[in-house]
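Take a look at the letters that make up each chain.
There are 2 protein chains.
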Amino acid sequence: MKRAVVLLSGGMDSATVLAMARAQGYDCYALSVDYGQRHHAELAAAQRVAHMLGAHEHRVVNIDLTGFGGSSLTDQKIAVPQQPSEGIPLTYVPARNTIMMSLALAWAEVLHAQDIFIGVNAVDYSGYPDCRPAYVEAFERMANLATKAAVEGHTLTVHAPLMNMSKAEIVRQGNMLGVDFAQTVSCYQADETGRACGVCDACRLRRAGFAAAGVDDPTMYRLT
Amino acid sequence: MKRAVVLLSGGMDSATVLAMARAQGYDCYALSVDYGQRHHAELAAAQRVAHMLGAHEHRVVNIDLTGFGGSSLTDQKIAVPQQPSEGIPLTYVPARNTIMMSLALAWAEVLHAQDIFIGVNAVDYSGYPDCRPAYVEAFERMANLATKAAVEGHTLTVHAPLMNMSKAEIVRQGNMLGVDFAQTVSCYQADETGRACGVCDACRLRRAGFAAAGVDDPTMYRLT
Numbered sequence: 001m002k003r004a005v006v007l008l009s010g011g012m013d014s015a016t017v018l019a020m021a022r023a024q025g026y027d028c029y030a031l032s033v034d035y036g037q038r039h040h041a042e043l044a045a046a047q048r049v050a051h052m053l054g055a056h057e058h059r060v061v062n063i064d065l066t067g068f069g070g071s072s073l074t075d076q077k078i079a080v081p082q083q084p085s086e087g088i089p090l091t092y093v094p095a096r097n098t099i100m101m102s103l104a105l106a107w108a109e110v111l112h113a114q115d116i117f118i119g120v121n122a123v124d125y126s127g128y129p130d131c132r133p134a135y136v137e138a139f140e141r142m143a144n145l146a147t148k149a150a151v152e153g154h155t156l157t158v159h160a161p162l163m164n165m166s167k168a169e170i171v172r173q174g175n176m177l178g179v180d181f182a183q184t185v186s187c188y189q190a191d192e193t194g195r196a197c198g199v200c201d202a203c204r205l206r207r208a209g210f211a212a213a214g215v216d217d218p219t220m221y222r223l224t
Numbered sequence: 001m002k003r004a005v006v007l008l009s010g011g012m013d014s015a016t017v018l019a020m021a022r023a024q025g026y027d028c029y030a031l032s033v034d035y036g037q038r039h040h041a042e043l044a045a046a047q048r049v050a051h052m053l054g055a056h057e058h059r060v061v062n063i064d065l066t067g068f069g070g071s072s073l074t075d076q077k078i079a080v081p082q083q084p085s086e087g088i089p090l091t092y093v094p095a096r097n098t099i100m101m102s103l104a105l106a107w108a109e110v111l112h113a114q115d116i117f118i119g120v121n122a123v124d125y126s127g128y129p130d131c132r133p134a135y136v137e138a139f140e141r142m143a144n145l146a147t148k149a150a151v152e153g154h155t156l157t158v159h160a161p162l163m164n165m166s167k168a169e170i171v172r173q174g175n176m177l178g179v180d181f182a183q184t185v186s187c188y189q190a191d192e193t194g195r196a197c198g199v200c201d202a203c204r205l206r207r208a209g210f211a212a213a214g215v216d217d218p219t220m221y222r223l224t
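Chain order of the listed sequences is A and B. Taking our numbering, the leading residue of the first sequence gets 1, the next gets one more, and so forth. Taking our numbering, the leading residue of the second sequence gets 1, the next gets one more, and so forth.
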């Protein structure tokens, strides 16, 4: 059974990706990164999702990016926007996907895995540069020059199966594969129990996705 | 004054790179990564070197790679080789430079720095894949697709000024720029005070470099 490292945030996208990787027959090693994000409900969700969808193992790597700051997700002084904005929003975390994929690359090499899955999406997304196809391709190319495994001929593939899907398509895909979205947390400022704010970018995209898919939204919203 | 992030391990190569970046007029932000390497004498050396060579700031980011293992530097069960070996040695740490450069990329973006310096070398080196020119170029290309800064037109350059230098040339370059090599630690298994074993790959390359440069070797070796 082929092994894959699956980046798992606890949100609906990466949960769907884990279900897709399992459906393709991969033995899945789920990796979450605690980078000092605003809330830890997301990591608790990742743990539930990894178990629910049959990951072989789930690891959380700690790396404190709050020292660098530069994002409303890692710097308490920068508020999470409540309204859509022009350009790349304040929730962008500098080099986040690059750091997370680098860690996935390290673990993949040790596991002799040649596949990494990530839930980035370039349709209904926040405009983050490290969610675009050209970025993912460039990372894969770099990774295939970076490792001993690659030098020895074991080519790494970075799978981004949601890249061209709308949020509604992601909802339908996850539903079809039995993902219980009630267990996932997308909100940038969920409370300790995982209840969502309903107004941040992540909440807006998620709500619209359920609505467009015609699927009941199981998200727990808190009273505001 | 242009800012640069300089990866600083505490060894002779990255110390020389810091001196070179300073000589080119950069305001230098030194970054060390505590990834669970065998000894911490290297990080203590990095701190001394950053101060000695006038870095604006020195940060140490903690990230525990011992959970992944796969290298004699991060797994106590794998011994550091005492003899030269064929191929890529056991001291190779999976994806290490990719992880460190990703962190440098994150900090550079927050600092509005467009330059990262790293002391990789493909001449007198241990054969690590992530020290080769093609790797560094691929990282730079990926980085220029990864960030908000890049999207906004601020191109990032990854400088690897030692890439084509022999160890003897590095010794001479550092000497010329006033690097006190006695403050640096290259050994893979230095003791707590920074004294070197004299027999690991890093020690062998370093000793040979001083000998070939005709420069006195100030390294403190321990009795074995």
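No lab work stands behind these hints: they were computed from the structure. Nothing here was measured: the structure is a model prediction, and the numbers come from that model. It cannot be assumed that every hint is accurate.
Identical chains blur together in the list; that is why a pair holds if it fits in one copy or across any two.
[What the hints assert, rightly or not] Capping the alpha-carbon separation at 25 Å, the derived lysine to aspartate or glutamate pairs in DMTMM-like fashion look like this:
#1 Lys-2 to Asp-216
#2 Lys-77 to Glu-57
#3 Lys-77 to Glu-152
#4 Lys-77 to Asp-180
#5 Lys-2 to Glu-86
#6 Lys-2 to Asp-217
#7 Lys-2 to Asp-115
#8 Lys-77 to Asp-216
#9 Lys-2 to Asp-27
Right, here's what the structure says about each hint:
Taking the closest pair of Cα atoms, Lys-2 and Asp-216 never come within 25 Å of each other, the shortest separation being 35 Å inside a single copy and 53 Å across copies. Only between protomers do Lys-77 and Glu-57 lie at most 25 Å apart by alpha-carbon distance; the minimum there is 22 Å, versus 35 Å within a single protomer. Taking the shortest Cα distances, Lys-77 and Glu-152 sit within 25 Å of each other only across copies (23 Å), while inside one copy they are farther apart (47 Å). For the identical chains of this complex, Lys-77 and Asp-180 are neighbours neither inside a copy (34 Å) nor across copies (41 Å), given an alpha-carbon limit of 25 Å.
Neither within a single protomer nor between protomers do Lys-2 and Glu-86 lie at most 25 Å apart by alpha-carbon distance, with minima of 42 Å and 29 Å respectively. When the C-alpha separation of Lys-2 and Asp-217 is checked against a cutoff of 25 Å, the pair qualifies neither within a copy, at 34 Å, nor between copies, at 50 Å. Proximity of Lys-2 to Asp-115 under the C-alpha cut-off of 25 Å is restricted to the intra-copy arrangement: shortest distance 8 Å within a copy versus 39 Å between copies. Taking the shortest alpha-carbon separations for Lys-77 and Asp-216, neither the intra-copy value of 35 Å nor the inter-copy value of 52 Å comes in at or below 25 Å.
In this homomeric assembly, Lys-2 and Asp-27 come within 25 Å of each other (Cα to Cα) only inside a single copy, at 6 Å, whereas the closest approach across copies is 47 Å.
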